[in-house]
Amino acid sequence: MKKLVSAPALFLWAGAFLIVGLLLAFWWAPVDASAMGFSQKIFYYHAPIAETSLVGFGVAFAAAVMYLRTQDLKWDRLGYVSVRLGLLFAVLVMFTGMIWGKSSWGVWWAWEPRLTTFLLVCFLYAAYFVLRSVVEEEQRRATYAAVFAVIAFIDVPITWFATRLIPEGLHPVVFKAGDTGMEGSMFASFMISMIGMTLLLAALIRHGWQIELLKDRVTDLKSILGG
Amino acid sequence: MSIEEGAKYVAAAYAIILAVLVAYYFMSARRVTVLRRDVELLEEETKRRRASAGGADAD
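Taken in order, these protein sequences are the chains called A and B.
If you're matching positions, the first sequence starts at 1460 in this note's numbering and goes up one per residue.
If you're matching positions, the second sequence starts at 95 in this note's numbering and goes up one per residue.
Derived by calculation from the structure, the hints in this document are not laboratory data.
Backbone N, C-alpha and C fix where the C-beta goes; we use that ideal spot for every residue, glycine too.
Among the hints, erroneous ones may be present.
Mimicking DSSO-like on lysine-lysine, the simulated pairs with C-alpha atoms at most 27 angstroms apart in a straight line are [as the list claims (entries may be wrong)]:
hint, chain 1, residue 1, chain 2, residue 2
1, A, K1674, A, K1533
2, B, K141, A, K1681
3, A, K1681, A, K1533
4, A, K1533, B, K141
5, B, K141, A, K1674
Simulated DEER-style distance windows between Cβ atoms [unchecked claim]:
hint, chain 1, residue 1, chain 2, residue 2, range
6, A, E1597, B, R125, 15 to 23 angstroms
7, B, R130, A, E1597, 18 to 26 angstroms
8, B, E138, A, W1567, 50 to 58 angstroms
9, A, A1586, B, I110, 24 to 32 angstroms
Produce the entire structure from the sequences given, and follow the hints as far as they go.
As structure tokens, this is what we get:
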């Protein structure tokens, strides 16, 4: 079981799902009938990357809560790695979203609810690193970072529901209660890409967390040898 | 933006994203391997020093 959820295994699963998702999205799912045409294919990776970045911030939120409860630094390390990866995925979302915006709305950027709240998420989590860099003492830094991660997470559901709360915005609401909002082949391709991207995030988080814990161990051993 | 232009952007963006993520994975995998080796070496050194310190105490 441990081998099945190891980083290399998760990476292989992710690769398999992403390749199948790519093939299905580009060769099986029909070209969108709207004006976007082929450009709509960006949906099959733009939306999974977006949701994965929010999952990353969700993991950081859970890790922050665990740290505040236990004061165990391993949770701080998980939170740090999750925010870093969540932010990496968020930058990729902005990048793909701009292409989507240009082909769908004719502009690279629009100050509409989803985009604006998502940009705010990016700024908030970028500030997380600034906060970490200015606090020297380990436990204090971890506590401040955990509190900040809990507060920053408030913007994540706001971003998620922005298009539903303010439907006048440009960003489309694809999924509605009891309706996937798309053809079966499109939905299947999307879900496979979504699973692949989530597994890739899991593999990257596992590796990143392992790296941080190993770095701590190296520091401990060096201080034992030095002292 | 025409459909042909859009298609180019879509394909290029996907290729770049996958390249970034796969490169990130392999870089972190390499870092894990290097750190594991460092930990092993440092643990061996710690054991060796403890053993020699123990031997010196016994003398």
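Status of the hints after comparison with the structure:
| no. | hint | verdict |
| --- | --- | --- |
| 1 | A:K1674 / A:K1533 | holds, 11 angstroms |
| 2 | B:K141 / A:K1681 | holds, 13 angstroms |
| 3 | A:K1681 / A:K1533 | holds, 19 angstroms |
| 4 | A:K1533 / B:K141 | holds, 25 angstroms |
| 5 | B:K141 / A:K1674 | holds, 19 angstroms |
| 6 | A:E1597 / B:R125: 15 to 23 angstroms | holds, 21 angstroms |
| 7 | B:R130 / A:E1597: 18 to 26 angstroms | holds, 23 angstroms |
| 8 | B:E138 / A:W1567: 50 to 58 angstroms | holds, 55 angstroms |
| 9 | A:A1586 / B:I110: 24 to 32 angstroms | holds, 27 angstroms |
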